[in-house]
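Note that the protein sequences, when read in sequence, are chains F and E.
So for the first sequence, the numbering used here puts the first residue at 1; every next one is plus one.
So for the second sequence, the numbering used here puts the first residue at 1; every next one is plus one.
Mixed in with the good hints there might be a few duds.
All copies of an identical chain are treated as equivalent in the list; a pair is satisfied when it fits inside any one copy or across any two copies.
As the list claims (entries may be wrong) - Straight-line alpha carbon distances no greater than 25 Å define the calculated PhoX-like cross-link-like pairs of lysine-lysine that follow:
| id | residue 1 | residue 2 |
| --- | --- | --- |
| 1 | K58 | K155 |
| 2 | K46 | K188 |
| 3 | K188 | K21 |
| 4 | K83 | K21 |
| 5 | K173 | K83 |
| 6 | K189 | K21 |
| 7 | K58 | K189 |
| 8 | K46 | K173 |
| 9 | K155 | K21 |
| 10 | K46 | K21 |
| 11 | K173 | K189 |
Since the hints were made in silico from the structure, they are not lab data.
Protein chains: 2
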Amino acid sequence: MSILHDRERLLAQIRAQMFEKRYIHTLGVAESARILAQRFGADLDKAEMAGLLHDYCKCWEIDRQRQVLIRHDYPAELLEADKELYHAFAGAIVVQQELGMEDPEILQAIRYHTTGRVDMTLLEKVVCLADYIEPNRAFPGVEELRQLAEQDLDKALAQALGGTIHLLIGQRKQVYPLTLLAYNDIIKKLGGVTW
Amino acid sequence: MSILHDRERLLAQIRAQMFEKRYIHTLGVAESARILAQRFGADLDKAEMAGLLHDYCKCWEIDRQRQVLIRHDYPAELLEADKELYHAFAGAIVVQQELGMEDPEILQAIRYHTTGRVDMTLLEKVVCLADYIEPNRAFPGVEELRQLAEQDLDKALAQALGGTIHLLIGQRKQVYPLTLLAYNDIIKKLGGVTW
Numbered sequence: 001m002s003i004l005h006d007r008e009r010l011l012a013q014i015r016a017q018m019f020e021k022r023y024i025h026t027l028g029v030a031e032s033a034r035i036l037a038q039r040f041g042a043d044l045d046k047a048e049m050a051g052l053l054h055d056y057c058k059c060w061e062i063d064r065q066r067q068v069l070i071r072h073d074y075p076a077e078l079l080e081a082d083k084e085l086y087h088a089f090a091g092a093i094v095v096q097q098e099l100g101m102e103d104p105e106i107l108q109a110i111r112y113h114t115t116g117r118v119d120m121t122l123l124e125k126v127v128c129l130a131d132y133i134e135p136n137r138a139f140p141g142v143e144e145l146r147q148l149a150e151q152d153l154d155k156a157l158a159q160a161l162g163g164t165i166h167l168l169i170g171q172r173k174q175v176y177p178l179t180l181l182a183y184n185d186i187i188k189k190l191g192g193v194t195w
Numbered sequence: 001m002s003i004l005h006d007r008e009r010l011l012a013q014i015r016a017q018m019f020e021k022r023y024i025h026t027l028g029v030a031e032s033a034r035i036l037a038q039r040f041g042a043d044l045d046k047a048e049m050a051g052l053l054h055d056y057c058k059c060w061e062i063d064r065q066r067q068v069l070i071r072h073d074y075p076a077e078l079l080e081a082d083k084e085l086y087h088a089f090a091g092a093i094v095v096q097q098e099l100g101m102e103d104p105e106i107l108q109a110i111r112y113h114t115t116g117r118v119d120m121t122l123l124e125k126v127v128c129l130a131d132y133i134e135p136n137r138a139f140p141g142v143e144e145l146r147q148l149a150e151q152d153l154d155k156a157l158a159q160a161l162g163g164t165i166h167l168l169i170g171q172r173k174q175v176y177p178l179t180l181l182a183y184n185d186i187i188k189k190l191g192g193v194t195w
């Protein structure tokens with residue numbers, strides 16, 4: 001039986017890739033992704049699976065993550081960006097190769113869970129937002145975000161991505177352009193609706 | 001004699017394009033641009049001239065600004081962006097055609113004074129920053145920005161552009177991508193130096 005269909009083995013495999021705190025976060029994202037999927041009409045099982053796998057190689061040495069990206073010809077633009085972004089793109093490759101995950105929707109949800117992108121799918125939005133609001137998260141504004149996520153996926157995601165941009169600028173850090181484009185895209189589609 | 005060399009006629013011509021408040025702002029930008037040019041080694045006369053001309057068609061009807069851009073094949077991306085951005089790109093065209101301004105450095109400083117861009121020239125930085133800190137400006141943080149501009153052009157400009165991005169996100173508005181790229185570029189070149 002594939003590890004993807006053997007929950008106990010899968011959890012043990014995921015657990016072995018990361019520190020305990022990251023594993024607890026992972027379970028939180030899977031749970032929140034499932035709840036958001038139910039609320040907004042995404043596939044529940046895919047959302048939970050993407051949540052379980054989203055940070056698969058987050059705790060790997062940065063150089064190991066980088067090597068995955070280099071082997072797959074990722075552009076220099078990404079390799080020169082904040083190293084915190086590597087794990088999402090590398091993770092989508094690794095779970096396909098090592099665990100046999102072939103579902104393109106789940107792979108894209110893993111790939112874009114940190115940066116976002118233009119034209120995010122429903123599943124991508126659910127996983128990206130779950131990563132912000134899972135129960136173990138504690139940052140200024142997270143309660144407001146959770147309340148917004150009760151009502152409106154797009155508004156909550158725009159607020160979450162906007163918050164990330166705001167935070168990076170406050171720290172005098174670069175902002176990965178895809179994240180701004182993701183934010184702009186959602187704002188544009190909200191068409192002047194504000195909150 | 002070209003109007004560009006007849007200060008009295010030039011000022012009257014600029015004055016005729018705009019409301020009084022905008023004209024007072026224009027004189028402030030010209031003055032601040034000259035001071036910043038002196039401080040950071042740009043051409044004083046070009047900085048002042050770019051300051052005088054930077055908002056030449058800011059008070060024109062939006063449709064008149066848009067027509068200038070359409071006649072010059074500006075991309076749909078700009079035409080779909082915030083209309084507040086039109087005047088800078090249209091202004092560079094208009095002052096060339098109507099006033100005979102042919103200096104490419106001055107034209108670029110006008111063109112990019114609102115959005116910024118990657119690899120801004122010294123003159124572009126001076127005019128862009130002068131637009132933020134001229135004496136008539138009053139917004140939260142402007143005093144801090146003026147103090148930073150006493151010391152470091154790049155830090156002040158990164159802070160100014162970052163402030164604009166922050167403000168737009170707080171208003172749930174789209175951010176023109178060039179502005180983020182301009183901010184990222186300066187942060188990157190500052191190479192981890194913070195303030």
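Right, here's what the structure says about each hint:
1. K58 <-> K155: neither (27 Å within a copy, 32 Å between copies)
2. K46 <-> K188: neither (27 Å within a copy, 38 Å between copies)
3. K188 <-> K21: Result: close neither inside a copy nor across copies, 36 Å intra and 32 Å inter.
4. K83 <-> K21: within (20 Å within a copy, 47 Å between copies)
5. K173 <-> K83: within (12 Å within a copy, 28 Å between copies)
6. K189 <-> K21: neither (36 Å within a copy, 35 Å between copies)
7. K58 <-> K189: Answer is neither; intra-copy 31 Å and inter-copy 28 Å both fail.
8. K46 <-> K173: For K46 and K173, neither the intra-copy (33 Å) nor the inter-copy (32 Å) Cα distance is at most 25 Å.
9. K155 <-> K21: neither (29 Å within a copy, 37 Å between copies)
10. K46 <-> K21: within (23 Å within a copy, 57 Å between copies)
11. K173 <-> K189: between (27 Å within a copy, 11 Å between copies)
Violated hints for the displayed structure, listed by number in ascending order: 1, 2, 3, 6, 7, 8, 9.
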